[in-house]
Amino acid sequence: MVSVLTIPLIAIFVIVAILLLFRPNSGLFLRWRNVRRKAKQILLEDALKHLFHKENANGEPSIQSVSKALQLSEDKALLLVSIILDEDLAVWEGNKLRLTASGRLAALKTLRAHRLWERYLADKTGFSEDEWHARADRAEHILSASDADALSAQLSHPTYDPHGDPIPSASGEMAKLHAIPLTTADIHQSFEIVHLEDEPPAIYAQLVAAELYPGMKLEISERTQQQVRFWTNGDEHHLPTHVAGNIYVLPFPDKRTARDIPKLRLADLKPGQRGKVVALSPACRGLERRRMMDLGILPGTVIRAEFVSAGGDPVAYRIREALIALRQEQARLITIQPLEEKNDS
Amino acid sequence: MTAEFKPASTAACETCPVHQSAYLMKLGVDMQNWDYAVALAGNPNTGKSTIFNALTGLKQHTGNWPGKTVTRAEGGFEHAGLNFKVVDLPGTYSLLSTTVDEEIARDFILFGQPDVTVVVVDVTRLERNLNLVLQILEITDRAVICLNLMDEAARHGLKIAHRSLARDLGVPVVPTTARSGEGLDHLVRTIGEVASGKIKYSPHRIQNLSPALTSALDRLSVHIENLYPALPNARWVAMRLLDGDERITQALEQGELGHLSPAATNEPQAIQNLESQPA
Amino acid sequence: MEKEKTLTPSELLTMAEDLRWQIGGNIHEHLVEGIYTDASRIADRVVTGERPKFDLDRAIDRLVTSRVWGIPIMILLFTLVFWITISGANIPSDFLASILIGKIYPAIKEIAFSIGTPWWLVGILIDGMYLSTAWVISVMLPPMAIFFPLFTLLEDFGYLPRVAFNLDNLFKKSGAHGKQALSMMMGFGCNAAGVIATRIIDSPRERLIAIITNNFALCNGRWPTMILLAVIFIGALVPAHLAGMISALAVVSVTLLGVLITFVMNWLLSRSILRGEASAFSLELPPYRPPRILQTIYTSLIDRTAYVLWRAVVFAMPAGAAIWLVANLTIGDLSLAEHIINLLNPVAVLIGLNGVILFAYMLAIPANEIVIPTVLMLTVLTAGVQGAGAGVLYELDSQAGTFELLTLGGWSLLTAVNTMLFTLAHNPCSTTIYTIYKETGSVKWTAIATLLPLGVGVGLTFGLTQVWRLVEAWL
Numbered sequence: 001m002v003s004v005l006t007i008p009l010i011a012i013f014v015i016v017a018i019l020l021l022f023r024p025n026s027g028l029f030l031r032w033r034n035v036r037r038k039a040k041q042i043l044l045e046d047a048l049k050h051l052f053h054k055e056n057a058n059g060e061p062s063i064q065s066v067s068k069a070l071q072l073s074e075d076k077a078l079l080l081v082s083i084i085l086d087e088d089l090a091v092w093e094g095n096k097l098r099l100t101a102s103g104r105l106a107a108l109k110t111l112r113a114h115r116l117w118e119r120y121l122a123d124k125t126g127f128s129e130d131e132w133h134a135r136a137d138r139a140e141h142i143l144s145a146s147d148a149d150a151l152s153a154q155l156s157h158p159t160y161d162p163h164g165d166p167i168p169s170a171s172g173e174m175a176k177l178h179a180i181p182l183t184t185a186d187i188h189q190s191f192e193i194v195h196l197e198d199e200p201p202a203i204y205a206q207l208v209a210a211e212l213y214p215g216m217k218l219e220i221s222e223r224t225q226q227q228v229r230f231w232t233n234g235d236e237h238h239l240p241t242h243v244a245g246n247i248y249v250l251p252f253p254d255k256r257t258a259r260d261i262p263k264l265r266l267a268d269l270k271p272g273q274r275g276k277v278v279a280l281s282p283a284c285r286g287l288e289r290r291r292m293m294d295l296g297i298l299p300g301t302v303i304r305a306e307f308v309s310a311g312g313d314p315v316a317y318r319i320r321e322a323l324i325a326l327r328q329e330q331a332r333l334i335t336i337q338p339l340e341e342k343n344d345s
Numbered sequence: 001m002t003a004e005f006k007p008a009s010t011a012a013c014e015t016c017p018v019h020q021s022a023y024l025m026k027l028g029v030d031m032q033n034w035d036y037a038v039a040l041a042g043n044p045n046t047g048k049s050t051i052f053n054a055l056t057g058l059k060q061h062t063g064n065w066p067g068k069t070v071t072r073a074e075g076g077f078e079h080a081g082l083n084f085k086v087v088d089l090p091g092t093y094s095l096l097s098t099t100v101d102e103e104i105a106r107d108f109i110l111f112g113q114p115d116v117t118v119v120v121v122d123v124t125r126l127e128r129n130l131n132l133v134l135q136i137l138e139i140t141d142r143a144v145i146c147l148n149l150m151d152e153a154a155r156h157g158l159k160i161a162h163r164s165l166a167r168d169l170g171v172p173v174v175p176t177t178a179r180s181g182e183g184l185d186h187l188v189r190t191i192g193e194v195a196s197g198k199i200k201y202s203p204h205r206i207q208n209l210s211p212a213l214t215s216a217l218d219r220l221s222v223h224i225e226n227l228y229p230a231l232p233n234a235r236w237v238a239m240r241l242l243d244g245d246e247r248i249t250q251a252l253e254q255g256e257l258g259h260l261s262p263a264a265t266n267e268p269q270a271i272q273n274l275e276s277q278p279a
Numbered sequence: 001m002e003k004e005k006t007l008t009p010s011e012l013l014t015m016a017e018d019l020r021w022q023i024g025g026n027i028h029e030h031l032v033e034g035i036y037t038d039a040s041r042i043a044d045r046v047v048t049g050e051r052p053k054f055d056l057d058r059a060i061d062r063l064v065t066s067r068v069w070g071i072p073i074m075i076l077l078f079t080l081v082f083w084i085t086i087s088g089a090n091i092p093s094d095f096l097a098s099i100l101i102g103k104i105y106p107a108i109k110e111i112a113f114s115i116g117t118p119w120w121l122v123g124i125l126i127d128g129m130y131l132s133t134a135w136v137i138s139v140m141l142p143p144m145a146i147f148f149p150l151f152t153l154l155e156d157f158g159y160l161p162r163v164a165f166n167l168d169n170l171f172k173k174s175g176a177h178g179k180q181a182l183s184m185m186m187g188f189g190c191n192a193a194g195v196i197a198t199r200i201i202d203s204p205r206e207r208l209i210a211i212i213t214n215n216f217a218l219c220n221g222r223w224p225t226m227i228l229l230a231v232i233f234i235g236a237l238v239p240a241h242l243a244g245m246i247s248a249l250a251v252v253s254v255t256l257l258g259v260l261i262t263f264v265m266n267w268l269l270s271r272s273i274l275r276g277e278a279s280a281f282s283l284e285l286p287p288y289r290p291p292r293i294l295q296t297i298y299t300s301l302i303d304r305t306a307y308v309l310w311r312a313v314v315f316a317m318p319a320g321a322a323i324w325l326v327a328n329l330t331i332g333d334l335s336l337a338e339h340i341i342n343l344l345n346p347v348a349v350l351i352g353l354n355g356v357i358l359f360a361y362m363l364a365i366p367a368n369e370i371v372i373p374t375v376l377m378l379t380v381l382t383a384g385v386q387g388a389g390a391g392v393l394y395e396l397d398s399q400a401g402t403f404e405l406l407t408l409g410g411w412s413l414l415t416a417v418n419t420m421l422f423t424l425a426h427n428p429c430s431t432t433i434y435t436i437y438k439e440t441g442s443v444k445w446t447a448i449a450t451l452l453p454l455g456v457g458v459g460l461t462f463g464l465t466q467v468w469r470l471v472e473a474w475l
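Residue numbers (our numbering), protein chains in the order written: chain A, 1 to 345; chain B, 1 to 279; chain C, 1 to 475.
Hints in this document: simulated from the structure, not taken from any laboratory. Be aware that a few hints might be false.
Distance windows between CB atoms, simulated [to be verified]:
id	chain 1	residue 1	chain 2	residue 2	range
1	A	A145	B	A161	55 to 65 Å
2	B	Y201	A	P251	25 to 35 Å
3	B	S202	C	K438	38 to 48 Å
4	B	E193	C	R292	24 to 34 Å
5	B	E193	C	L56	31 to 41 Å
6	C	L451	B	P44	26 to 36 Å
7	A	L85	C	S442	40 to 50 Å
This structure is a prediction, so every number in the text was calculated from the model and none was measured. Where a beta carbon is used, it is the ideal one built from N, C-alpha and C, also for glycine.
Given only the sequences and the hints, what does the whole structure look like? Please build it.
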């Protein structure tokens with residue numbers, strides 16, 4: 001049945017559709033055009049970043065390496081490199097491409113955005129480790145220099161990203177990382193993990209799965225051609241050489257070695273048992289870490305497991321006289337030293 | 001707190017109210033017709049709202065903090081012929097983190113400069129509560145510690161040496177049991193004394209910091225004091241700057257910290273500047 | 001020490017930056033550790049004494065969190081709360097209705113006419129605004145005035161955090177926070193209050209989840225619709241002595257379906273659009289404290305009941321005027337309502353409803369309480385039944401009469417079941433939508449919280465209708 005209201009309704013639909021497509025500032029049509037324009041900029045920034053990394057690793061940046069890293073055909077890579085040369089961002093030095101000062105600064109700007117964004121994802125959001133890199137790869141092209149500065153302020157000016165890489169400052173300065181790969185570190189010495197390489201993602205995922213984080217202390221017990229065995233927080237790991245090579249460490253002078261640190265976690269306490277906090281795992285980050293510290297969960301704090309919930313999971317702990325419920329996955333992030341049971345209950 | 005004393009509007013007087021009317025107004029707290037501003041801070045579950053109700057009776061109204069979804073209650077009481085406005089701050093464990101609740105409480109105490117900040121403390125969880133108390137004492141020396149839930153402490157067999165606590169903290173400590181109204185008279189009297197500013201307190205400063213941090217704090221706070229001689233909490237500002245607190249950095253850059261001194265309260269210029277700051 | 005030169009603010013910031021690098025490590029953690037070291041030294045000096053052997057708190061905790069007794073005690077307590085609410089609200093509800101609608105309504109209408117008020121003004125003001133507001137108050141006020149204080153008493157006693165503690169594992173599996181159990185429970189009273197209650201969830205992701213899914217907790221305004229339809233359509237299918245039990249079972253199943261949908265939506269939301277929101281679990285179990293009954297009743301009446309009621313009244317008044325207008329304005333030879341109903345009919349049939357029901361839900365966005373009166377009014381209007389109620393909200397005294405009228409309006413068992421499902425899952429009422437906007441401060445989350453339940457409702461009714469019709473055809 002055709003109603004008197006049909007015609008005005010159709011008219012409204014048409015108007016809404018036209019508005020959506022051609023709105024002056026955010027219409028779909030305009031957006032599509034912007035996307036096309038941005039794609040070129042992204043390639044350019046990625047190429048500069050590649051040249052920067054390759055240069056720092058004493059590699060040989062070339063058209064071939066650009067084409068491989070950016071997964072472009074050699075023709076397109078050639079075109080891209082010629083734009084870079086035209087804009088004086090890099091020069092040929094023999095058969096190597098070398099960044100100019102302005103090219104270096106541009107690469108550092110992208111790197112700063114990337115690492116700040118990773119820090120942001122780690123501290124302020126709930127995204128998991130394996131998503132950080134890919135998300136930051138997108139964000140680095142969108143954040144302007146002033147966006148990055150604002151983000152840095154919001155994050156209390158962090159100096160390292162969550163993988164342990166230094167974040168370049170706004171003026172392009174960056175702390176030097178003297179770390180060595182685990183595969184060249186001395187046996188039976190104490191080391192601190194300072195950096196986990198997040199590329200390639202497949203290997204990074206293995207490091208995440210092994211619960212390794214920057215800031216962790218470790219000691220190598222055995223090294224062969226195929227694998228490296230080492231201790232962290234009372235756990236023994238063995239990783240294939242090509243995986244261990246992505247862990248970067250610095251010597252850490254400490255009388256206690258990583259092997260001595262007790263293995264117990266807060267989650268291991270049974271109701272009635274007590275433990276003294278040794279450390280909060282670096283995996284406990286951002287809001288959650290601050291909350292735990294505010295509640296008084298700090299090295300030296302004595303915690304007693306009180307009772308388990310009817311649902312079996314959160315456990316109530318007595319922390320500085322208050323009853324605080326923690327989930328098992330949270331209690332696993334707290335390493336403790338067991339204490340003798342008091343006989344008062 | 002005698003009859004001849006009336007809060008005057010001349011600058012730099014010993015016993016004048018120190019609250020920042022203009023900033024409080026921005027938070028929707030109208031100080032007109034009120035002599036003193038009293039902030040009520042504390043951990044969650046300390047009986048803070050019971051204290052609030054006991055102080056203000058039915059003379060209260062609730063709403064939200066401007067632009068935030070955090071409940072705010074305000075009320076008032078009269079003591080010795082003066083009107084005290086009481087503002088209930090959100091219950092927080094700390095003022096160092098960046099949650100909305102903590103920001104509201106921190107900003108109110110720092111920028112609003114209430115004449116008295118009452119910190120309600122659950123005496124059965126003293127250690128955890130002291131975390132907040134020590135932070136507040138770094139910001140303001142016009143504080144009263146309300147040791148609440150004394151009845152529960154007794155029930156749990158705890159003995160509290162409140163005089164020794166007052167010595168350690170350097171500010172008045174009042175034991176109360178809000179539920180039965182015990183100690184509330186004393187609390188009101190103490191609020192009155194602190195508000196009048198007749199006695200100067202020198203509260204506890206955090207001592208057990210690492211040597212590197214302590215020397216950095218000392219160096220930085222000297223310069224902050226040079227810049228803003230009237231600022232009552234240079235060391236705390238230094239602490240926040242080292243910690244990279246965005247809000248305090250911003251306040252320093254925009255000169256908001258310069259207004260924070262009793263002397264500046266009633267200078268129209270200062271108020272105008274404050275009003276022109278973006279919220 | 002010689003006085004150093006005064007630095008500018010930006011020089012100070014540079015200095016802070018340099019010092020930050022010199023100190024190294026995590027300054028924030030150094031600070032917190034330092035403060036707590038002071039705190040524990042002071043506390044150790046000040047607090048002495050031994051805790052007694054028997055601790056009442058611990059004894060209560062052992063019982064209410066035990067694997068055997070924890071859940072049964074919880075179910076028992078909440079059943080009691082709901083029973084007191086429902087049985088206690090009936091009498092004042094009927095009383096209010098008889099006063100506001102039975103006595104005052106005809107009286108003021110008479111006065112209005114006697115002083116020569118034009119009929120259309122009487123219609124808008126009295127038949128529209130007054131009547132719908134009176135309806136909302138008499139249905140909504142008594143249960144809320146009972147439910148909220150009871151709930152607040154449990155809260156003040158310290159029991160509710162234990163409920164969150166016991167149920168957290170269940171909620172965690174769906175990506176949510178145990179405290180959501182409490183905001184859901186509050187949602188059974190009123191979704192707007194439930195949304196405000198999510199403030200206790202201090203983790204951003206889990207709080208948003210709880211806000212968006214709160215509408216799947218069947219609120220006070222929707223219970224009467226559910227019960228009426230269950231009694232006259234489903235209870236009627238079985239012999240009289242089973243009718244009560246079966247219709248109660250139907251209501252409970254739909255409610256449980258709502259709980260199930262909540263968990264499914266929690267799971268979906270936490271893994272899709274809300275994946276990136278920050279999440280941090282923390283739950284303090286405060287000591288038990290004897291609740292202070294009078295204080296509690298006073299504050300919960302002022303804070304919760306009055307607040308929600310006021311919002312509802314503000315929204316119900318304009319809605320009442322709108323309802324009266326659409327029913328009484330005519331374009332051509334049909335009323336505006338009939339035009340719209342005809343327009344909606346084809347869509348409504350797809351999801352096994354009819355245009356009247358769909359339109360009633362649109363008109364009743366301000367308050368779900370008036371869905372049934374609006375449906376009845378519109379049915380009278382479109383089915384061309386003569387007599388009372390044309391163009392005015394009303395409810396029939398007898399359930400048989402209601403059944404007869406609805407059947408006349410084309411209702412079948414399928415329509416009733418679909419209406420029950422749609423009552424469970426459709427857009428929140430305007431009070432709730434407004435509250436969600438105030439709480440989240442975001443148009444995006446408000447839109448999602450509004451459209452998600454509607455989508456689920458349309459999906460459920462569409463699916464059921466298609467399957468039902470297939471089965472019917474096959475039989």
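A quick look at each hint next to the structure:
no.: 1; hint: A145(A) <-> A161(B): 55 to 65 Å; verdict: 57 Å, holds
no.: 2; hint: Y201(B) <-> P251(A): 25 to 35 Å; verdict: 49 Å, violated
no.: 3; hint: S202(B) <-> K438(C): 38 to 48 Å; verdict: 44 Å, holds
no.: 4; hint: E193(B) <-> R292(C): 24 to 34 Å; verdict: 29 Å, holds
no.: 5; hint: E193(B) <-> L56(C): 31 to 41 Å; verdict: 38 Å, holds
no.: 6; hint: L451(C) <-> P44(B): 26 to 36 Å; verdict: 35 Å, holds
no.: 7; hint: L85(A) <-> S442(C): 40 to 50 Å; verdict: 47 Å, holds
The earlier numbered hint that this structure contradicts is number 2, and it is the only one.
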